[in-house]
Every structure is written in structure tokens, then in C-alpha cells.
Amino acid sequence: MYPRSLPYLLLLPSTLFLCVFFLYPFGLVAWQAFVTDTGQFTSEFFVEMKSHWKFNTAFTNTILLALAVVPFQVCLALYMATLVNGMKRGRDLILYIWTIPLGISDLAAGIIWLAIFEQTGFLNSMMQGMGFIDQPVSLLSYQNTGMIFLAILLAEVWRATAIVLVILVAGMGLIPKEYYEAAEVFGAGRWKRFTKITLPMLKPSLQTAMILRVIMAFEVFAVVVALGGTNLPVLMGEIYTWQFDLQDANVAAAYALVILLISISCTLLIMWGLRTPKEARV
Amino acid sequence: MIIKKNTLAAALATGITLLAAGAASAEVLFWSTQARPVEEAQAMRDQVLSGFSGDVDFQPSENGPWLTRVDAETQAGSGKIGVLGSLHGNLISLSDNLADMSDIGVDGVNSAFLELGKLGTDQQKYIPWMQATYIMAANKKALEHLPEGADINALSYDQLIEWAKTMAEKTGSPKFGFPAGPKGLKHRFFQGYMYPSYTNSMVTKFRSPEAELAWNKFKELWSYTNPGSPNFSFMQEQLLTEEVWVAFDHTARLADAFNTRPDDFVAFPAPAGPTGRGFMPVVVGIAVPDTAPDMAESKALVSYLLEPATQIETLRATNFFPVVDVELPDDMPAAVRMSGAAIATMSGSADANPGLLPVGLGDLGGKFNAVYVDSFERIVLAGQDVRTVLDDQADALRKLMEEAGAPCWAPDVASEGACPVD
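Keeping their order, the protein sequence lines are chains Z and L.
At the far end of the first sequence sits residue 288, using the working numbering, and the numbering has no gaps.
At the far end of the second sequence sits residue 1595, using the working numbering, and the numbering has no gaps.
The hints are simulated quantities; they were obtained by calculation from the structure and are not laboratory data.
All values derive from a computational prediction rather than experimental measurement.
Treat the hints with care, as some may be off.
Some chain L residues near chain Z, calculated using beta-carbon distances under 7 Å [stated by the list, open to error]:
1. Gly1401
2. Pro1403
3. Ala1543
Non-contacting residues of chain L with respect to chain Z, defined by C-beta distances greater than 10 Å in every case (computed) [as the list claims (entries may be wrong)]:
4. Phe1225
5. Gly1293
6. Glu1335
7. Pro1481
Cβ atoms here follow ideal geometry from the backbone N, Cα and C, with glycine treated the same way.
One chain only, chain Z, in its complex shape:
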């Protein structure tokens, strides 16, 4: 037996850590977004942010990237997780290999993909070597934001699909085998078993994975900087610019609150959309 207070005691260090290194700075940032240096409440920082000519582009780009990346990643991760689960041998090895990109920082990932796409990059030299093009072409140019978008999409998918995969593989392991056996007895095919058993039973894991991924998608930064420079502004990049280049912490804080707001809305939306009724929980 252990004292009833033990769980709370064990949780205390991490709670303290969160309070000091998350809640407190968060409070400061929120304060900064609304209060001037002289202590007056104001909305001028939000007005300044909204009226800046880059805000709308950055906002749209961030949302579009999230919309393009996350669903694609979730489908891909579902497929990969099914493959992994169906394997008899070498399952762990494949899982390790697929999760390697997780260990790479996002800036490094961006630079790796830059080495592929830039004018002197691998893609160009390969196409030139195979005779498709006469001389290297500039793929990531400012006239070609579609291509930059695509490169960022690829880099993000490569880099962050593994986190979704790991959560889904773990979730699939929790689904009792009996359901599948019963379904097979009644003659359900693979697709039917996937849609009627795997997907519904996987809801809690999907929920976690998607919340994590969506929040990360709104914070996309280093990959974009590496591949797009300032050609494809995103919200996080604007925060950096306002904080460090323009040295205006108040407007940067306003941007941070915008990201927080869309993150919270999306989290709520996902929680509601993928909720599991109490009576249906395993």
C-alpha cells in the first residue's frame, strides 16, 4: 500500500516544471500582447499585426500547409501502421527505420531537402545526368511558390509522419484480436475489417496523433525558412521576424496568441469530431 497522496507527489515535479516554464512565460506573452510598456491596455498591437501587408499571406499559408500536410500524413501513417502490424518478421527493424526522421531536428530536415531541391542540388544534377534538362533550373524560386509549397510538404511528410505512425501502431496493438476473428467468421474482407473495426477502435489514438500533429503544423518554421526563405511567409516565421528583426515583442506576442487560438480551436474540433462515447470505450 502507498499513501493516497503519492500520485500527487509524483506529479508535483512535472506540474511545477510546467508552471514555471510554460504557464508563467505564457502569461507574460499574453500580457505583452495587450499591454503597452506604460501599462495601458490596448488592441493596437493586433491592429498593427492585422494591417501588416504580410499577415494575410502568412495566415493563409499556415492554414493551407496544415490542411495539405496533416490529412496526407494521417492516411499515410494509417497505411504504414497496417503494414507494420501485418508483418510477421522484421517488424521492429522496419519500425526503427521508419522513425529515423523523428530523431532529426526540423532545421536539419529542411536543409536535407534543400540539398535535394536547390539549383546545385541532387535533383537537378540527376535530371541533368539523365538528359532531361540542359542546365540546372532554379526550382525554389520566388516565382514558383507552388514548388516551394510542394517541397515543404514533402519535407514535412518525411520528417513528421513517424510521430503519427508510432502512436497509431501502439493504438492498433491495443485492439483485441477477437474482433477481427469474429469479423472473419462472418466473412468480412480486409477493407471492411479496416473500416468497421480498426478505424473506430483507433479513434482515441487518432485523436492524440492528430492533435499533436495539427499543433506542430501550425508551428511550422525551420523547414519553411530553409526551403522558402521569405518567399513563403508563415505565422511562426513572422513571430521570429517581429521579435528579432523588428524588435517589437508586443506584435510578436499578438502573433503568438493567434497561433494559440487556432491551435486551441483545432484541438477542440478534433476532440469533438473523434470523440468516443463513454459506453463504447474498451
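Following the hints, put chain L in place on chain Z, whose structure we already have.
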């Protein structure tokens, strides 16, 4: 359990001893935004600072984190940083928290730079440490495409445009390169080169018809510019890969190309426009924050950095030029010899029209740069109407000049009160 407690106590004790030892050593922390690349930082430690009588801990960092730590220490009222090394633009915003250094001997230091170092006060807020500027570099392959009769040491912007056009047409792809990347120093080109060359102004005539012409000329040049330029920040890289043959950049950002293949490149002055050959000197300063733990030792380090021998070693380590009168030895790296000659030609030319770094803007320096960068991104990259953008950005410029109350600096005519934007 007892054993564990003892181990813990021992560990704690060791930790405390280590901390104490750290605090006791009298190293001067040299907090710098310059000499960031690993090789430069190491050269600073091994070749430049090793000759100082005391111990120095040289720590270079990015602008953002650099400023954040300085701010944190000033706000806390106590700190570990002994000496600050950074660009004029970064030191401006710290003005109120820098110690007066009027008592340091500054014989032979460039007097215009010393004046800049006062940051508009009557105290010597920083001491010039080293200097650089922006020049042009070309691959020798590009020289055969030079317009007929053009002298590379006295080019005009029209000739540069024609040159870029010929290269693009003859080779099949644009060969002019411009550092418009996120870390590129494009704003300095507009502030110190394009505006003085076309309007004889940096601020006042921001939205003048002459400025409109300048931007249209730049758009023309841009059509023969490598479209990858918005990703280029250090032109030495693209010069070495031969993605571009002709480029404009900071001397320190061209040095690698000159040093690696000195026989393949030439350095030459920036072009001239209707109102002269605009160019901008860059000043890096050293300052001591009010919160320095050992003021005397910090100032001793500043004096040491100004010694001619130290200045020459600094030049070798960083490719930034001395601010004191020194006789350069013959065995300097190729980049120093090549850029040195180009700078001398540029500043000594009959039509030279230097534009100074912004003075008196405080922490609005970043927003001042943003006015020019935003104009570039809107006019050139987004293709917006030149007149509309200039009117728009002029409002932003006027607002921040008034907020800072900064009087005009060269090439603008000195003003009473905030520098006006016509």
C-alpha cells in the same frame, strides 16, 4: 539509504564547488555577434585574444539571442557579460545601458566612426572595433561580356544592367546575383547604394520621382538576376558554385570566394548612378555594459583590441578591416588584398557618395530596415505598383522617424528635429 544520502550530499558538494570555481575565475565574457562561423570564432580565441594579459571567454551568437541576453542582464541590473561586440545597428538600441568609454585611448582611430560611437550622446558609448563595406565581385568568365567601353572600376548602374542582360542572353541563364535571402543584407544595398546613387538621399527623398526611377531600374536589373536570389544570403557560395558570375555583397561574405580561388575572381567598386557612387561603410563596435562584473578588466580588453597588432590579427580572423591606421603586412589573405583595393578605388573615386549607417533610431533600427525590405518584396517580388508602394512605405518611414526623433544623416542634409520624409 544512508549511503545514498551520502552520495547525494557528495554530489551536491561537488556541484557547489564547481559553481564556486566558475564564479571565482576572472574571465572576461566577450559577447559578440561577429565572428560567428566556427573557424572565425576559433581564430578569434587562438590568434586574437590569446595575447591578452587576462583570460577571455569569446562567445559569438546570433543577433536575437545576443540581444535577449544583454536585455535580460540590464533588466536584472547585474550580469556576467564583460565586453559587447556588435554592429553599430545593434549597439544603438542599448545606448542607455552602455558605460562611457571616453577614458580609453583612441589614437589613430577613424574620427567619423568615433562620432558614430557616441550614438548621439556626449559619451563614447562604443569604440569602433573593425569595419567593412559592400563591394562587387565577378567571375573572370563574366568579363568578356562587359559592355563595350565600360571600365569595371567605374561602372554605372546602366552599364551593370546591360552587362547582366548580355550575360543572361549569351549564357542562357541570368548570371547576376543579389543577396536577397532571409539573412541577406539587401536592405543595405537600397539604403547605402541605390538611394544615394539615384536620389542623393536615404530618407528624405524616399518617395521622390528619382526614387521611383531607381526602383524601376532595379526591377530591370532584377529581370536579369538569378531567380534563386531570394534564397541567397552569402554570395561567396553562389560565386563558388558558379550559379552566379557577378554579385554584390558584404566584403566578409565574399571573402571565401576570393580566398579559395583568387585567380578566378575580381573585386570591384559598386556602380554609380545619376547622383554619384553611393556606398555604405559598416562599423562594428565594442562596448562595455553598465553591468560588467569587472569594469577595469573589460576596458583593458577594449584597449587591447585597438592595438595595431591585434587589429591585424582580427583582420586575418574575420576579414573585417582595422579602424586604426596600420601598415598591413604583405602576407595578408587574397580576400584582404582584393577587397582592400576595390574599397580604396570606391571610396577614392571622384563621384563617391557615402551613405552612413542610421543614427539615433534606437530599437527602431529593425523597422527602418523593414521599410526598405518590404518595398523590395512588394515592388520587385510581388510586382506591386512602384508609386503606391513607395507612398505606403513612406508613411511607415515617416512614422518611425518621428517616433525616434532622429535627425538626418549623410547623404541627407542635416535637419532640425526628426528627419523629414517628403
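Evaluated hints:
1. Gly1401: holds, 4 Å
2. Pro1403: holds, 5 Å
3. Ala1543: At about 6 Å, which falls below the 7 Å cut-off, the nearest Cβ of chain Z leaves the hint on Ala1543 of chain L intact, so it holds.
4. Phe1225: holds, 31 Å
5. Gly1293: Label holds. Min Cβ-Cβ 18 Å, cutoff 10 Å.
6. Glu1335: holds, 23 Å
7. Pro1481: holds, 35 Å
Consistency note: the structure conflicts with none of the earlier hints.
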